[in-house]
Amino acid sequence: MIKLTEKPIDIQRVIDTASSLGAGAVNVFIGTVRNNAQGKTVLWLEYEAYETMAVAEIRKIIDTASHRWPLLGWGVSHRIGTLRPGETSVVVAVSTPHRKDSFEACQFIIDTLKANAPIWKKEVFEDGEEWVSARPEMAIKE
Amino acid sequence: MKYRIKTFGVTREIIGDREKVIETNGQTVAALRKALHQQYPELTGLRSLLIAVNNEYAEDTTELQESDEIGLIPPVSGG
Numbered sequence: 027m028i029k030l031t032e033k034p035i036d037i038q039r040v041i042d043t044a045s046s047l048g049a050g051a052v053n054v055f056i057g058t059v060r061n062n063a064q065g066k067t068v069l070w071l072e073y074e075a076y077e078t079m080a081v082a083e084i085r086k087i088i089d090t091a092s093h094r095w096p097l098l099g100w101g102v103s104h105r106i107g108t109l110r111p112g113e114t115s116v117v118v119a120v121s122t123p124h125r126k127d128s129f130e131a132c133q134f135i136i137d138t139l140k141a142n143a144p145i146w147k148k149e150v151f152e153d154g155e156e157w158v159s160a161r162p163e164m165a166i167k168e
Numbered sequence: 123m124k125y126r127i128k129t130f131g132v133t134r135e136i137i138g139d140r141e142k143v144i145e146t147n148g149q150t151v152a153a154l155r156k157a158l159h160q161q162y163p164e165l166t167g168l169r170s171l172l173i174a175v176n177n178e179y180a181e182d183t184t185e186l187q188e189s190d191e192i193g194l195i196p197p198v199s200g201g
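One line per chain: the protein sequences are A and B, in this order. Add 26 to the 1-based position in the first sequence for our numbering, that's all there is to it. Add 122 to the 1-based position in the second sequence for our numbering, that's all there is to it.
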């Protein structure tokens, strides 16, 4: 399951999709919207995705993970649209026979998704808004 | 050459449209990037600008066809 959705993520459904009777572990990563960034209060985030490519990239990531760890099941769901602090932005779930692999595979998938998937978030503050990581940080002049 | 590009994130705001036709002096991704920088200098202030061709990240040397789906990929921040 690779899903991009504007609706709140059904976390249990992702877990159920990832689960397997042969697994001794299901590992779940839940990404949540933080209420602060750069010392300021975040009002909300806007997420955007190049949907066809995001699904393709996530599929590649799962493929890589399946070759490195004995995945028995997996599921990824990412939210797009407007999200408020406390909401869930992404869920990654994997199941493996033994737990060590489940921790490693889950971390690999979310870390690589964050590095490669064509998905973007914009932080909205009281005094402005900013696409995360889009521009080099301003050098602090003395 | 003329190529239709899809814009995302900050590039959508800079270019002002979800899709745009860009005229270039060449057929490579590098030529497209050069044309984009000339027409939209604000793009040069971004930390990075990758270009996707048919839903895959492309190298600067990749040759473009007019029928290709081309996407501008500013720094990603999913998750």
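Check each hint, because a few of them may be wrong.
Output of the computed footprint for chain A on chain B, the stretches with three or more beta carbons under 8 Å from beta carbons of chain A [unchecked claim]: (1) 124-133; (2) 139-153; (3) 167-176.
A few chain B positions that, by computed beta-carbon distances, are all more than 12 Å from chain A [what the hints assert, rightly or not]: (4) K156; (5) A157; (6) H159; (7) Q160; (8) Q161; (9) T183; (10) E185; (11) L186.
Hints were generated in silico from the structure; no laboratory data involved. Where is the CB? At the ideal position from N, CA and C, for every residue including glycine.
Hints, verified against the model:
For the stretch 124-133 of chain B, the assignment as covered by chain A holds, since 4 residues bring a beta-carbon within under 8 Å of that chain's beta-carbons and 3 suffice. With 0 residues having a beta carbon nearer than 8 Å to a beta carbon of chain A, the stretch 139-153 of chain B misses the requirement of three or more and the stated coverage is violated. Counting residues of the stretch 167-176 of chain B whose CB falls under 8 Å from any CB of chain A gives 4; the rule of at least 3 is met. Against the 12 Å criterion, K156 (chain B) stays outside the reach of chain A, whose nearest CB is about 20 Å from its own CB.
Interface exclusion of A157 (chain B) from chain A stands, the closest Cβ pair being 20 Å apart, more than 12 Å. Its beta-carbon lying about 15 Å from the closest one in chain A, H159 (chain B) satisfies the requirement of being farther than 12 Å from that chain. With 12 Å as the threshold on Cβ separation, the claim that Q160 (chain B) sits away from chain A holds: the shortest Cβ distance comes to roughly 20 Å. No beta-carbon of chain A is positioned within 12 Å of the beta-carbon of Q161 (chain B); the least distance is around 19 Å.
With a closest Cβ-Cβ approach of about 20 Å to chain A, T183 (chain B) is found to remain outside the 12 Å limit, as its non-interface label requires. With 12 Å as the threshold on Cβ separation, the claim that E185 (chain B) sits away from chain A holds: the shortest Cβ distance comes to roughly 19 Å. With a minimum CB-CB distance of about 16 Å to chain A, L186 (chain B) clears the 12 Å threshold, and the non-interface call stands.
The structure is inconsistent with hint 2 alone, although it conforms to all the rest.
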